[in-house]
Amino acid sequence: MTVYGVSNRYAPLLPEACEILRENADVEEADGDGVLLLADGAIYRGTLFGARGIGEGELVFTTGMTGYQESLTDPSFAGQVLTFTYPMIGNYGIHNNRSESGGVWARGVVVRSAMKQPDHRDSIASVGRFLAAFGVPGIENVDTRSITRRVRELGTVLCVFGPAEDEAALRERLAVLRSPELDDLVDLVSVNDAVILNPGSRGESGHLLPRIAALDCGIKYNILRSLCRYFEVIWCPPDIAFESIEELGAQALFCSNGPGDPAHPGMASRARDCLAEGIKAKLPVMGICLGHQLLGLSSGLQTYKMRYGHRGANQPVVDLQSDQVWITSQNHGFAVADPDAGMLAAHPLAVESEEVENLHGNQVVVRYVNANDRTVEGLDVVGAPAFSVQFHPEACPGPHDAHALFARFKDMVESYIRGGD
Amino acid sequence: MPRREDIHTILVLGSGPIKIGQAAEFDFSGSQAVRALREDGYEVILVNSNPATIQNDPEMADKVYIEPLLASTVESILRKEKPDALLAGMGGQTALNIASQLAHSGLLEELGVELIGSDLAAIDKAEDRQLFNEVCVSIGLSVSDARACHNMEEILAAADELGTWPLLIRPAFTLGGLGGGTAYDTGQLVEIASLGLRNSHIGQVLIEESIIGWQEYEYEVMRDGADNCLIVCTMENIDPMGVHTGESVVIAPIQSLSDSDHQMLRDEALALIRALDIRGGCNVQFAFNQFTGESRVIEVNPRVSRSSALASKATGYPIARMAAKIAVGYNLGELPNPITGDGTTAAFEPTLDYCVIKIPRWPFDKFRTADRTLGTSMKSTGEVMAIGRNFEEAFLKAWSCLEQGCPHPRPLTRADESDGEGMLARATEPLPDRILVDWLRIATDRRMGALIEAFRRGWTVEQVHEITRITRWFLYGFENIARIEGEIRSFPSDIAALDAEDLLAWKSRGFSDGHIVDALSDFPPAGIASLGYGRDEESLLNRRHALGIHPRYRMVDSCAAEFAAKTPYYYSTYEPWSERGVDLLPDLETRVKKRQVVLGSGPIRIGQGIEFDYGCVHAVMAIREAGMDSILINNNPETVSTDFDTSDRLYFEPLTLEYVTEVLLREQAHGILLQFGGQTAINVALPLKERVEKMDSLDVKMLGTSCDAIDEASDRARFESFATRIGLLMPNGETCTNAIDMRKSAARIGFPVLIRPSYVLGGRGMEILGNQKQLDAYLAEAYLASDRPLLVDEYLGEATELDVDAVCDGDEVLIGAVMEHLEEAGIHSGDSTCFIPTQNIDSQMIELIEQQTRAIGLGLGIVGCYNIQFAIKGPELYVLEVNPRSSRTVPFVAKSTGLPLARIAARCTLGIKLAEQEIPEPVSGQVCVKAPVFPFIKLQGLDPAPGPEMKSTGEVYGCDLRADVAYLKARLATEVPVATGGAAYLTVRDGSKEGLCEIAHDLIALGFNLFATQGTADVLRTDGVLVETVYRIAERKHPDALDLMRDGTVSFIVNVPTISGGAVRDGNMMRRLAVELNIPFVTTMSGARMEVAAIKARQECDLEPMLLKVNY
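Just so you know, the protein sequences line up as chains A and B, in that order.
Residues in the first sequence are numbered from 1 upward in steps of one, following the working numbering.
Residues in the second sequence are numbered from 10001 upward in steps of one, following the working numbering.
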C-alpha cells in the first residue's frame, strides 16, 4: 500500500493539480472566435481561452462567486462543461495547495470574462493558463446569464464548443455526442490502489487516531484533510471489497462525492454494495454527495436526475431535527427521491432509478432537506451509526456551516470503539 | 419561532434629519420595516423629526409623531402611548442612542416596554469599545492593537510595545479628531501626541498600530432568534484603510479575496455576531492585509445601516424587512423570500452574476472652499450605485450617475484644478504630473479621475499601486478603461464607419455614447457640447441603433438566475454577441396597462435631497392607483423609490438621456413624468423632447407641464416678459454671459446685487455682492460661457420671503400652502426656517399671493406641481422665481396641511382633473415649522452661516398650537441645543440693530448675562441694558468671544454679519468654534427674536407631543 503525507497530521501532502503548471508552463493558450452549440439548438458566440481544442459534455452552471479553482478540480464535474454564473472568473488567480484533486475534471469552461491579470499574494497563474496546462478548453465573452436561464428552464443539456470556423464539424460532433453519464465516470476519477494517509497519527490527547476506510468515488482533497483531523485514513478505490476493509482494520467507513449517475452499474454500484455491508456490520458510516446517494440506494430508496441540480455555495439546508438552517456548498445533478414525495425538482427526462431492495435491512429517515425545493439533503440510518448528506460539509469552495458533521462522524466512531471495547 | 402574539403595539424610531453620515437610507429601511410589521397585524407608532420622509407619511403607520428625536420626547410618547415594544434598529445611530439611554435609565422596564431586535446587552457589547474588544479577543479575533496613554512616558512605552510603524495617534474625546495623526517615527510621535494630549478633554490619547494601506471589507450579516446566521452581501472598499467606508468607492461582491480568504472572514463575521448576540441585520467591517493574509475586526454596527441599504439594493435581499420580522419572533427559515417566491425562504445567501459599484456624492462642487481631503469622517451627502457585468461597466455607469461635471471621465487639464476666468485656455494644458501624483496620493473626490488619467499617460499599475496602495485588481480595471479610451481615440472620427463589433466591445465595457464620441473627437477642450451634428452623441446613438445594438436588461434576482424571480428590478448591460434588436419587455403585446415612467432624482446632494424622492414615490403611487404600470428610473441606493416593491418596475440606471431613452424604448412607454425628480429630471426634459420627436420607435408623451412652459418659467428673459404681460413685479435683473456685461449690469442695477447661475439647483455659486471689489473677486472664480450664463439681480434687503407650493391641472389651481420664511430674502429658501401658516402677513396680501399663484399656474400652462418664491418689501409683492416642478417643501406642506400635494399633482399629470379628485380638507388650527440642519461640523473650511447659497443637508419639523412652541420643537429637533441660561453674546452689524434692545431686555428677563462687541454694546447701553463689552476677535486682545465660548460662559450667540461676498467673513472663526462646541447661534435679527421666544417658551411650558393629523 502506498503511503502519503506522513509528515503532517492534518494536511497530508497530496498530488497537486497545480504541479502541471511547471510541466506545461509553455503551452499556448487558445484565442480567437469561438462558438458554443447546445443540444436544443441554441448557439452562443464568444472568445476561446484556456486549452486549444474542443469542449464537450453536459452543460451545467454553478453560482458560487468565489472558489473557481476548487470547482475546476472537483472530480464531481467530470464529464461536464462548467458555466460560472459569476461574470468575472480568475480574479485572484490559481494558488498552490488549493486544488481539490490532482486534475481538472470539467471538459470545458464557459465564463462571461476570464481575468487575464489575476491579483493575489498566492497567485501562480491565471485561470486560462491553468486550463491550458491541463488541456481543458474554455470560452469567454459568452452571455452566461442567458445560458443559465436556458438550463434552468430546459434542464441540463449536452453541448459542444470550439473554434467558430469549425462550426459545421462541431455540429456533427454534437449530433453524435452521448451523455457522459453513460460512462463509468467514477472509474475515471478514483484511485486504483489503496493509499494510507497519516499512518500512526495521534490526536490532541496523544492517542492513536482510529483508522477508517474512505471509498474514493472522486473524493475532494478537503474531505481527506477533514477526515485526517480525526482519523488515520485509508484512501480506497471504490471497488474495494468489504472484506479487504475489515482486513485493513478500518473501524469505520466513509463514502465520497463523485461524478455521474449513482445508479450506474459500474464502480458506483460496487461502492454502494460495500456501504451496505458496512451498515449491516454496524460499522459507523458517513456518506457525502454521491456517497449519500449510494447510501440511499443501498437503503432501498430511489435516485433520479434533477432538472439542473444544485451547484453553488449558497444552498440552504434545514435540519429537520433542530430546524437550524445551514448555508451549504453543493455540487450534484442527481438526488435521492423523497420516500414520501418522490422526485422533486426533476429533470424533464428524469426517471427514477430501478427499485432495489434494502441491502442492509435498516430503515432510513430524511434528516436534512433543501429549504428551497425540499429535496432530500441528508439521511440518518435508524438503528445503525450511519448517516449521509447531499451537501459538502468540507466546503472548498463555500461556507463552513456544516463542518461539524465530521465531528459527528468522529463521535460515532469513538462511541463505536468504546462500545466495541 | 412564529410571530409573537404577546406584543401588539410597537413604537418605531426613525433617524431624524438628513445629515452627512445619516441620509435617506433610514427612510428606506424604516419604511420597509414598518410595512413588514403592519402586514403582520402589529400596530405601529412612528417617531421621526424629518418631515420629508415617506416613513412618516400618515398612511405608513397607525400613528405618526413628527417630533424631536430626543430621549425626553420619546419618553413622553412612550408614557402616552404605552406600546408593548420599542424597535430602534431601523433609525441609525440616533435611534440606537435614544433606545440605549432609555433602557439604561430604567424607563423601558418601568413602562414595561420591551426593546425588540438586538437587546441592550447586545447593543452595549457592540457599541462600547472596551466590551467589544473583550468579546473579539474571547473568540480569538484580532482587533487593532491600541493603548490608552496619559503622558509621554506611557506613549513611548506603548510605541515600544506595539513595535510597528507607523502608529496612529487618536486623542480621546475631541471633536472631529482634532490633534490626531499618523507618526512614522519617534520624533513625529512626540510632536503629534503632545498636541493630542493637550487637545483631549480627559488628557488621554490612544496609540494604535496603523493599518493604513490595508484593504477594507464589509460583511452584511443576518441572524435570527434561533441562531440561524448568514451573509447577505460582501463589499470591498476600493480605497484602502484610512478612508471612511462611507467615503470610499465600494464594489460588491468582494473581488480580490480567494474563497479561503473569504470563508475565513465569513466565519469570523458569523462567530462575532453570535458572540455579540445580535438579532436582525448588522454589519461587520474588517481590515485585511493582502500581503500577509492578516485580518483585524474594525467595528460592528448592531443595526441596519447605510451599508445594509446598499447591500439590499445590490443583492435584492430586503434586509430591513427581514430584520423587522426577526424582531417580532420569526426565524429566517419561516420567512418566504419575496424575490424568488414559491417555496424559497429568507434563509439563503444571495449570489450575484454582476457587480455593483457605489460612488459617494460629495458637496465640493458647491462648497469650493471646503477641504476636499477624505479621511476617517464623512463628507459626502449621498451616493450612487450602478450595476454591470464587469468592473469597467459598473464603474463608468456609476460615474454617469453622479451628475457632477462631465458624465464620463475626460483627460485632466489645468481647468480641472478650479473654475474661473481663463478656464478655456487652461483646458488645453494637461494637468502637470506632479499635481496628478498629489491627486493620486491624497484621497479626495478627484482620485478616481486621476487613476484613469495616470493610465492614460502610460503609468504602470505598479507605479500607481506604489502611490495609492489600491489593490492591483482595480488598477487593472482602470488601466483597461484608459486602454479602451485610447483605442477609440485612435479610430477615425467618422461615426458612420464604426462597425458593430468594435462598438459592442466598447459598450460592454460601460462606455456611454457621449464618452465614445468625445474620445473619437479626441476630447475637444471646449467639451462635448462643442461637437457638431454628425459627430455628436445623437449621431452615435443613431449609428448604434442602425447596427441593432441595444442594451439587455437583466434582473437583480439575488440568485444569479438559478430560480425564476419575481423582482421587477433591472439594470442594463451590453452582452457581447447577444441576439441583436431591442430587448423588449416580455409579453409586451399582451400588456394592457399603460406604462408611465417616473424619473428619479439621483444622489442626495445639497439642494436636491430626500424631498424629491418623496415626490417620486408619491408619483409612483398615483400611477398605480390609476391602474397603470409605474416604472421608475433612479440610481440612489439609499431611497424608498428604489425599493424593489415601490414601483411596478425599477430600472437602476444613470439618469442621462442615453439610459433614459433605452428604458423608454424597452418599455414602449406611454408617458414620462419629469416634475418629481428635481432638477435632474427637468434637465432631461428638453433634450428628451427633441429626441422623441425624431425617433419613430418612440411614442412617449411628456406628461404634465410642457417643455415650453418649463422653459418659459426657467428662462430669465422669457419669464420676465411673461411677468410683465400678466402684471407681476420682479426684482430688476439681467442675464450676462461675460464679465464685461456683468460689471455693466451691476452698475445699472446698483449694489448690493444677487448673482446666480440659471438652470441650476440649490443656487450654486449664488452670492450677494456688496461692491465692485467683491464683484471682481467673484468673477475671478466664476465660469461664464454662452451656455452657462449668470443672472444679476437687484438684492431685496430686509424683505420677507415666502414660498408657495401649488398644483394646477390647466383649468384650476390648488394652493397647498403659503409659507413664510423666518429669515429675510437673501438667505436661500432651502436654508430658511419656514412657517405654515404665515405669521406676519395680512389677509389682503395673502389674497394677492394666492391670486398671483393662480395667474402664474394658469398663465404658464402648468400641469402638475409648481413652486413660487415671493418676496414682500414694503407694500410690494415680488416674484423671485417659479419652479415648474415638485419642490423641496412639498413634503413639508403635505405633513403640515394634510394635502398629499405630490400625489394630487401626479394625478393631474395623468389627466385626472382636480375636480375629479377627492381633495382632503386641509388641517387647520396648528402651526408647523420647518428648520434646516447644517453640515458645518463635518465640513472644515465652510463658513457656518446661511446665505444665498444653500448649505443645509436636511430639515426637521415642529408642530404645535403655538408658533413659539412649534419653533422650539423644530429647533430642538435640529440637535443643536436651545440655550436655557448662561450668557448670550451679541454682535450685530450696523443697520440691523433695530429691535436689538428688545431682544436684549428679553434675554436679561430670561436670566441671561449679556456680552457684546463695542458697537453693539454702545447701542444697548443707550437703552439701559446691562452688558459687558468684550474685544473683537480681530483686536487680538483677551478676553474675546472665543475665550468666553471655550470656557463655557457663552451659551447663545446672536451674530448678524455684514454682507461680504467672500467666503471668509467677519465672525467666521467664532461661528466655526460655535459649531465645534455645539453652541447655538443665529445670524439674523428675525432669527434672534424667534430664538428668544423659544427660550421663553421652553421655560414656560412642557412640550406636548402632537400626533400627525390628516383628514383622509
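Hints listed in this document are in silico derivations from the structure and should not be mistaken for laboratory results.
Remember, predicted model here, so these are calculated numbers, not experimental data.
Careful: at least some of the hints might be erroneous.
Looking from chain B toward chain A, a few residues come up when the C-beta cut is under 7 Å (computed) [what the hints assert, rightly or not]:
no., residue
1, S10142
2, P10253
3, D10259
4, T10344
5, W10473
6, A10561
A virtual CB, placed ideally from N, CA and C, is assigned to each residue, including glycine.
A quick look at each hint next to the structure:
{"no.": "1", "hint": "S10142", "in the structure": "violated, 18 Å"}
{"no.": "2", "hint": "P10253", "in the structure": "holds, 5 Å"}
{"no.": "3", "hint": "D10259", "in the structure": "holds, 4 Å"}
{"no.": "4", "hint": "T10344", "in the structure": "holds, 5 Å"}
{"no.": "5", "hint": "W10473", "in the structure": "holds, 4 Å"}
{"no.": "6", "hint": "A10561", "in the structure": "holds, 4 Å"}
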